[in-house]
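From first to last, the protein sequence lines are chains A and B.
Reading the first sequence from the start, the letters are residues 1 to 385 in our numbering.
Reading the second sequence from the start, the letters are residues 386 to 704 in our numbering.
Worth flagging that the hints you see were computed from the coordinates, not collected in a lab.
These numbers were taken from a predicted model, which means no experiment stands behind them.
Among the hints, a few may not be true.
[Unchecked claim] Computed list of lysine-lysine pairs in DSSO-like fashion (alpha-carbon distance at most 27 Å, straight line):
1) 455(B) - 62(A)
2) 62(A) - 653(B)
3) 645(B) - 139(A)
4) 455(B) - 16(A)
5) 16(A) - 698(B)
6) 16(A) - 427(B)
7) 402(B) - 62(A)
8) 690(B) - 117(A)
9) 16(A) - 645(B)
10) 461(B) - 116(A)
11) 173(A) - 690(B)
12) 645(B) - 117(A)
13) 308(A) - 653(B)
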Amino acid sequence: MGKQYISTVNAAQAHKSDIVGLSVTDKFTISVSSDGTAHFWDNQQKEAHNPTDFVIKKFINKVGLHHIATYENVLPDSTIKVVLIAFASFDGSITLNYYLNDDITTWKEFEDADLKKQYWAPGFYKDPESKQDYFVITKSNGASDVFNLNIKDNSKSDISISLEKVGELNANKSAFPNALAISPTSDKKVAVGYTNGEVYIYDLESLKPIYTFHSSDLQVSGASTTSASIPRVIEFSPGGTLLAVARDNQSSGSITLYDVKFGENVGTLTTPSHSSKAAVGGFAHSGWIMGLSFDEAGENLVSCGFDKCIRVWNLETREREATITISITDLEDTEHNEQYDKSVASGVSFIKKGIRGGAGGDKNEGLCVISFDRGIRWYREAGGV
Amino acid sequence: MSNSVLCLQLYDKNRSKFIYINQFSNQFNNPNKFLSYIKTLKLLILQLHLKTNKTTIRDIYYKDVELYNKNQLNCKAILVQMVETSLNWSLTNDLLIFPSQKGLVYGNGIIINQNIELSYKLDPILIPIAYNDIDFMNKYDNQNSIVVIIVIEKEAIFKSFCNYMKLNEKYQDYYENMGIKLIVITGKGFPDNLTKTFYNYLSNSCLKCTCLKLAFVDSDIYGINIMKQYDNNPNSLYHAGVYLLDYDQGWLNISIRDFKLIQNFLIKNPYSDCHRELTRGMLMFKKCEMNLLNNDVINGYILNKIDYYYINKIKMDRK
């Protein structure tokens, strides 16, 4: 327990329904909800501000949103900074929107792509060598579409975007690909988690599977398309060497770490059980895990889930550095719907140093947590102010 | 007479041709079939004479089970063929023969018809064909009484809850003192027309008095669809349970088919009051069934929900 986190601000009743997706960009913390809206919360405000005074709301889809993926890049040979956002909706469609130079008034929808099919989880690959970017989306038929993403400055203070489908990742078409992670490094790897418990690592150029990480579930699956140990969230480390997989383990959640280079299981993250000699079990959370995020240096991993806990893990020692428990009473406005508003932590993200304004924002990393209680909570690491 | 053969001639509207059922036949089943038609004809004539007397297909079937080859569907098929297909009459409107009852009702202090009054002390009864005596506006003190209509998807849960109420005088007194008139109905899964019309009759009877309508269905697309069969108006029949987050174990995985059914439902009903529950099911790939909770838990659960809605809807509205 080496780290401490201080709650800075929070937004109660931030959306009208469950908040299920989160992405932190330089300018905004973006939350998406099953109410069909995306909210852009300004990061650069004083520590004691009221977030609801600095939020921009965009309506995206009436059926509701469930995933968000962001692409943030200053275009090569240009000074234009692009933030391209993919919103996945419960009706199976993907909506692409963008804004330029962190100015939300330049908000536009990219309408040329036909993304109305049975899509689920989107993700962007930003090539660190600026050669070829990709856009990947999993589909409910078991495959995942891969597109070449090309964004150009058209020298009229606007950009042109093109998406060209290059193929499919379809090594495991019998199961639903519910989770997606894309390595941020130049090795061009993408991981897809399927509801039958398996996680496949693909190469984005050849579109071929490299490794398969099987579920540790004891269930004999046979032709089963679902497993009790669904990989609910997967995440690559910033260096691209580790893949963290959060799977259901009955009603608990476990986190398994895989070495991506050699395709090996390198351990699990567990909280202490009743006995140090207990050989079976070992869970990271006592509920399903809904969110994972690595910090900028890849030294810590944060997880959150159904047990209303956020845990920060030191990846070197495999020990917990901090645990934060959330509840409705954390929020400044505790008015809520008892039937639906439960403080299940549905997503979490590390916030890099210098992103959030206020005391300590430049020196300390922070955390942002979204929840089914419709609250958004921001924290910063204690000390250094 | 010995040279003549009795023959029934029926018109099959669907196939646009006449069919003949003979007294004698080489086939083993046909003489029995002929007999069953004749017997049904006799019962229909009797029914016409007693025109005010309502009956059901089940009652006709039980007049001679052997003749219908121990299958109620045969009885129904013959009635439909003779009356509706061939003569173009209505079994219900012209002959007062109603489909067999499927739904059950339980409750207290409500007169359904001249023969039936609901009581906590009695077992649940089949929803009667005649329920015209229910009159909340005139028969009950509607200023103070509250009608709580509970729809339960599963028959097992319904029976367990009714049994619990029947044996538990504490809750009987509690609801009496609060002026709550409880009516519990089930359609045993997807409700038949009689159960649906009975529910609608109850709802319409309560338009001018305080009424709370709660549905207890599985947290999956089938449960929600069953609830919508009763009442498709938002904020009329509340989805009171069960919810995915009520459980801490025992969820079931949803199939791709379930997933697509939810998706289609949400596209058609983007502002449904069940939107949040269904999207959670899609997001987590899980559903949960009511009967995974044991009897004591589910009965307490239903009673707690009645209290919750009573406090949050009725009391708040009255303030």
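Hints, verified against the model:
1. 455(B) - 62(A): Roughly 52 Å between the alpha carbons, so the hint for residue 455(B) and residue 62(A) is violated.
2. 62(A) - 653(B): 11 Å, holds
3. 645(B) - 139(A): 12 Å, holds
4. 455(B) - 16(A): 56 Å, violated
5. 16(A) - 698(B): Since the Cα atoms of residue 16(A) and residue 698(B) sit roughly 20 Å apart, the hinted pair holds (cutoff 27 Å).
6. 16(A) - 427(B): 63 Å, violated
7. 402(B) - 62(A): 51 Å, violated
8. 690(B) - 117(A): 39 Å, violated
9. 16(A) - 645(B): 24 Å, holds
10. 461(B) - 116(A): 47 Å, violated
11. 173(A) - 690(B): Not satisfied, since the Cα-Cα distance of roughly 42 Å exceeds 27 Å.
12. 645(B) - 117(A): Between residue 645(B) and residue 117(A) the Cα gap is close to 12 Å, so the pair holds against 27 Å.
13. 308(A) - 653(B): 33 Å, violated
Violated hints for the displayed structure, listed by number in ascending order: 1, 4, 6, 7, 8, 10, 11, 13.
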